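Use the sequences and the hints to build the structure in full.
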Amino acid sequence: MKKKRISTLALVCTGLTVIMALAWLFPVYWIVATALKSETETIALPPSFVPFPPDFGAFIYVIQNSPIFRWYLNTVLVSAVITFFSIFCALMCAYALSLLDFRGKGLINVALLVGFMLPFGAMAIPLFMLMNRLHFVNAYAGIILPQIATPLSVIVFKRFFDQVPIDFRNAAVIDGAGDFRILFNIYIPLNWSIIWAMAIVTFIGAWNNFFWPFIVTNSTPMLTIPVGMTQVQSAYGVAFAKTSAIAVLASLPTAVAYLIFQKRVTQGVMAAAGIK
Amino acid sequence: MTKAQLNGQRTLRRKGLPIGWVFVAPFLFFYGVFLIYPAIQVCYLSLTNSDIAGQGGFVGLRNYVELMRDQDFWASVGHTLYFIVLTVVPNTAVGFFLALLVVRLKRLRLPILSAFFLPFVLPVSVVTTASLWILDTNFGIINYLFGTSIAWFQDPIWAMPAVAAVTIWWTVGFNMLLFIAGLQNISPDLYEAAALDGANALQQFINITCPLIWPVASLVLVLQLIAQFKIFDQVYLLTQGGPYNSTVVVLLYMYRQAFQLNRGGYASAVAIVLVVIMLMISAIQFRLLQGRRTK
Numbered sequence: 378m379k380k381k382r383i384s385t386l387a388l389v390c391t392g393l394t395v396i397m398a399l400a401w402l403f404p405v406y407w408i409v410a411t412a413l414k415s416e417t418e419t420i421a422l423p424p425s426f427v428p429f430p431p432d433f434g435a436f437i438y439v440i441q442n443s444p445i446f447r448w449y450l451n452t453v454l455v456s457a458v459i460t461f462f463s464i465f466c467a468l469m470c471a472y473a474l475s476l477l478d479f480r481g482k483g484l485i486n487v488a489l490l491v492g493f494m495l496p497f498g499a500m501a502i503p504l505f506m507l508m509n510r511l512h513f514v515n516a517y518a519g520i521i522l523p524q525i526a527t528p529l530s531v532i533v534f535k536r537f538f539d540q541v542p543i544d545f546r547n548a549a550v551i552d553g554a555g556d557f558r559i560l561f562n563i564y565i566p567l568n569w570s571i572i573w574a575m576a577i578v579t580f581i582g583a584w585n586n587f588f589w590p591f592i593v594t595n596s597t598p599m600l601t602i603p604v605g606m607t608q609v610q611s612a613y614g615v616a617f618a619k620t621s622a623i624a625v626l627a628s629l630p631t632a633v634a635y636l637i638f639q640k641r642v643t644q645g646v647m648a649a650a651g652i653k
Numbered sequence: 016m017t018k019a020q021l022n023g024q025r026t027l028r029r030k031g032l033p034i035g036w037v038f039v040a041p042f043l044f045f046y047g048v049f050l051i052y053p054a055i056q057v058c059y060l061s062l063t064n065s066d067i068a069g070q071g072g073f074v075g076l077r078n079y080v081e082l083m084r085d086q087d088f089w090a091s092v093g094h095t096l097y098f099i100v101l102t103v104v105p106n107t108a109v110g111f112f113l114a115l116l117v118v119r120l121k122r123l124r125l126p127i128l129s130a131f132f133l134p135f136v137l138p139v140s141v142v143t144t145a146s147l148w149i150l151d152t153n154f155g156i157i158n159y160l161f162g163t164s165i166a167w168f169q170d171p172i173w174a175m176p177a178v179a180a181v182t183i184w185w186t187v188g189f190n191m192l193l194f195i196a197g198l199q200n201i202s203p204d205l206y207e208a209a210a211l212d213g214a215n216a217l218q219q220f221i222n223i224t225c226p227l228i229w230p231v232a233s234l235v236l237v238l239q240l241i242a243q244f245k246i247f248d249q250v251y252l253l254t255q256g257g258p259y260n261s262t263v264v265v266l267l268y269m270y271r272q273a274f275q276l277n278r279g280g281y282a283s284a285v286a287i288v289l290v291v292i293m294l295m296i297s298a299i300q301f302r303l304l305q306g307r308r309t310k
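Residue numbers (the working numbering), protein chains in the order written: chain S, 378 to 653; chain X, 16 to 310.
Be aware that a few hints might be false.
According to the in silico footprint, chain S covers these stretches of chain X (three or more CB under 8 Å from chain S) [as the list claims (entries may be wrong)]:
id, stretch
1, 42-52
2, 185-197
3, 290-297
Just so you know, the hints here were simulated from the structure itself, not pulled from any lab data.
Small disclaimer: the values here were computed from a predicted structure and weren't measured.
We treat Cβ as the ideally placed atom computed from N, Cα and C, and that holds for glycine.
Right, dumping it as structure tokens:
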């Protein structure tokens with residue numbers, strides 16, 4: 378008797394959870410549905426909840442009438458370069474902080490912690506001036522350079538390197554391997570999963586970054602997608618299907634990347650928060 | 016690392032070229048030029064009347080004196096604090112609640128977890144586009160479903176709560192994830208023992224789950240506090256600070272001073288105040304994390 382009551386309760390709980398999850402996804406569904414409607418259908422009353430037959434007019438219009446491919450290219454390029462250099466620099470630095478002895482190491486550790494705490498937004502003004510002087514405003518370099526040094530990745534990698542038994546390195550040193558080979562042939566392969574996780578999280582973060590690209594670019598061909606799409610929206614005015622279509626295109630890569638690499642993203646987020 | 020291991024490391028250390036510096040050099044270059052240098056520069060700029068190109072002279076503490084008397088600045092601090100009240104605790108509470116729902120699932124776990132987490136990986140402009148459409152006064156689905164006609168982002172009363180609600184929808188998945196990890200770390204033996212002693216589900220929740228999840232909860236709260244203090248993107252994209260400047264937050268105020276009014280020096284003083292507040296919060300976070308480590 379008691380057992381049955383509990384299982385009913387469990388079922389209700391699960392049902393409630395599913396309903397909440399669907400409600401949570403509704404805005405995402407609604408944007409996709411709106412993108413597949415004609416402009417007149419979007420503002421019809423009562424609203425049509427399923428766009429059938431789907432109308433691809435908004436997508437076609439957006440693709441033909443906005444530099445979205447250029448923005449895609451910009452964002453892919455910028456995010457890929459940031460991810461590669463950010464992870465590479467962080468791995469090198471973490472290896473040194475974890476395994477090598479050298480003067481000034483303590484100072485670097487302190488600098489890392491301080492930098493970790495500084496809000497990026499507060500640096501925007503001097504950074505913009507610096508980019509201005511270097512003629513990097515409206516240039517890939519201007520978007521990329523300030524996003525490469527990520528103290529968080531260093532801290533995470535260092536924590537993982539610390540856990541590798543020191544004998545691995547000692548044995549390699551006796552065999553005559555240099556530190557570069559030790560890093561690339563032992564430490565990186567051993568920690569492949571967290572490196573991969575941090576790379577995906579860095580990529581998604583760079584793709585989604587709004588604030589800095591927004592500050593350092595204003596010429597249409599140099600915008601990234603998150604910044605560019607807001608420009609298109611003000612140009613279109615009230616055109617819900619078209620703004621939705623461009624939103625769908627803008628979020629496709631990160632959403633798909635998340636759904637494919639779900640476990641890695643979770644792992645990266647946890648590591649970054651210091652949980653695991 | 017044990018002492019023997021440390022000694023092993025020392026004996027194997029190579030003399031001569033400081034290989035350590037070679038390894039930290041690439042990171043340190045980008046870090047120094049694009050983070051440390053601007054951090055120092057912003058302190059200096061806050062003592063000048065520079066424009067946004069960096070041209071201007073030294074004015075001492077005049078910016079700070081003006082800042083103390085600047086009602087618009089204090090209003091922006093107030094709006095930021097209001098936003099924090101609307102987001103930090105609710106976002107943590109909702110994250111905990113969702114984690115409790117998700118953690119007991121088995122086969123449905125992954126799809127449900129992704130449903131709650133998915134918004135977090137969307138660009139902010141997509142999130143705001145969706146919100147502006149769903150909360151549109153005339154054609155928005157929310158006003159239609161609830162039979163209301165609220166101008167969510169144009170109404171001085173509703174604008175900030177609406178921005179907060181959007182923020183929670185967007186970012187709660189992150190908090191949920193941390194709570195799930197925390198809940199999984201609680202040993203099932205504890206619940207079994209409590210059940211044997213006759214504790215019901217509610218008692219177990221209050222006496223086992225709550226105290227053991229507190230370290231995670233405090234971490235989430237501080238991470239939230241840091242994140243929400245830096246609020247800019249959503250406000251800029253949803254309300255542009257309006258209506259009647261009722262949603263101008265500190266970073267938006269700084270942005271306006273710097274890039275719209277061309278007052279780089281004054282905006283830097285705003286930035287410094289923000290940094291000081293953030294450093295104080297971060298110090299608390301650091302102590303919390305240290306506490307967790309030593310446990």
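Numbers of unmet hints, in rising order: none
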